[in-house]
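FYI, numbering that gives the first Met the number 0 numbers position 130 of the sequence shown as 129, with every residue one higher than the one before it.
Calculated directly from the structure, the hints in this document are not laboratory data.
Heads up, a few of these hints could be off.
[Stated by the list, open to error] Beta-carbon label-pair distances, calculated as ranges:
| no. | residue 1 | residue 2 | range |
| --- | --- | --- | --- |
| 1 | ASP158 | PRO44 | 43 to 53 Å |
| 2 | ALA163 | GLY110 | 48 to 58 Å |
| 3 | LEU233 | ASP124 | 37 to 47 Å |
| 4 | SER170 | GLY109 | 18 to 28 Å |
| 5 | GLU131 | ALA32 | 38 to 48 Å |
| 6 | PRO165 | GLY109 | 41 to 51 Å |
| 7 | PRO165 | THR24 | 23 to 33 Å |
[Claimed, not checked] No more than 25 Å apart at the CA atoms, straight line, and that leaves these computed lysine to any residue pairs for SDA-like:
| no. | residue 1 | residue 2 |
| --- | --- | --- |
| 8 | LYS34 | VAL250 |
| 9 | LYS218 | GLN255 |
| 10 | LYS240 | GLU203 |
None of these values were measured; they are calculated from a predicted model.
No residue lacks a Cβ here, since even glycine has one placed at the ideal position from N, Cα and C.
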Amino acid sequence: MKQLMMIGFGAMAREVLALLPADVTLRWLLVPAAKVAQVQAELGPTVTVLSQIDGCDACPDLVVECAGQAAVREHGAAVLARGWSLGLISVGALADEALNQQLRAAAHQGGGNLLVLAGAIAGIDGLAAAREGGLESVTYQGRKSPQSWRGSYAESLIDLNHIAEPTTFFSGSAREAATLFPANANVAATIALAGLGMDRTRVELIVDPTIGRNQHQIKASGRFGELDIAMSGLPLVANPKTSTLAALSVVRACRQCSDSMVI
């Protein structure tokens, strides 16, 4: 039985917990100090609820982060410095170059592994392979309903209450997108890390009142040929800013930590 530590207990983490493989068990859960008692009472004695990594006196087989960029900054280096494997879903945190280097250094010194999960998008394997042989251009387009952009920086750029047709409200680099939209643009950061990097990957973000699903498109070209991947994903009912597929990518990482064959 593999033992899992999870950081965060919001909508995504609850989805992951509900779908954990039978041979993986949640043993530790990390939440803010003010929520420890409440979550401990909810989960019972089989899970140890903590507010700091130091409270864990054993070695998880895998740590998965489902709590947002702030949690990556607070706990990421501590996990990696202990030699543990950290599955990262809030990939946009790596747009902060200082944090990126801090996490890499902690992993190198402690022997931990930083696993960048694919999240809400497909095709990351092909994009990363194309990079090895001459990748020339990568563009990501993210299209979501007004509801999915609420509570984000998009509200400062466009009136979400009076959108009548699809409207592009951001065009820039993956680094800018991941920094400005930490809860919505993790996909842009993942694509950038797999391909041309944060500054050379172009991003367009669109609000579209005609759709009910989150739509993602990657276009890339290079010596390998051309890649064009389009996805239409359903958001989690409990949190419209979060893709269901992103939660499932965390579940996949949990399965891989126990399977003898990894795909």
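Consistency of the hints with the structure:
no. : hint                        : in the structure
1   : ASP158 - PRO44: 43 to 53 Å  : holds (50 Å)
2   : ALA163 - GLY110: 48 to 58 Å : holds (54 Å)
3   : LEU233 - ASP124: 37 to 47 Å : violated (23 Å)
4   : SER170 - GLY109: 18 to 28 Å : violated (39 Å)
5   : GLU131 - ALA32: 38 to 48 Å  : holds (44 Å)
6   : PRO165 - GLY109: 41 to 51 Å : holds (46 Å)
7   : PRO165 - THR24: 23 to 33 Å  : violated (44 Å)
8   : LYS34 - VAL250              : holds (24 Å)
9   : LYS218 - GLN255             : violated (28 Å)
10  : LYS240 - GLU203             : holds (17 Å)
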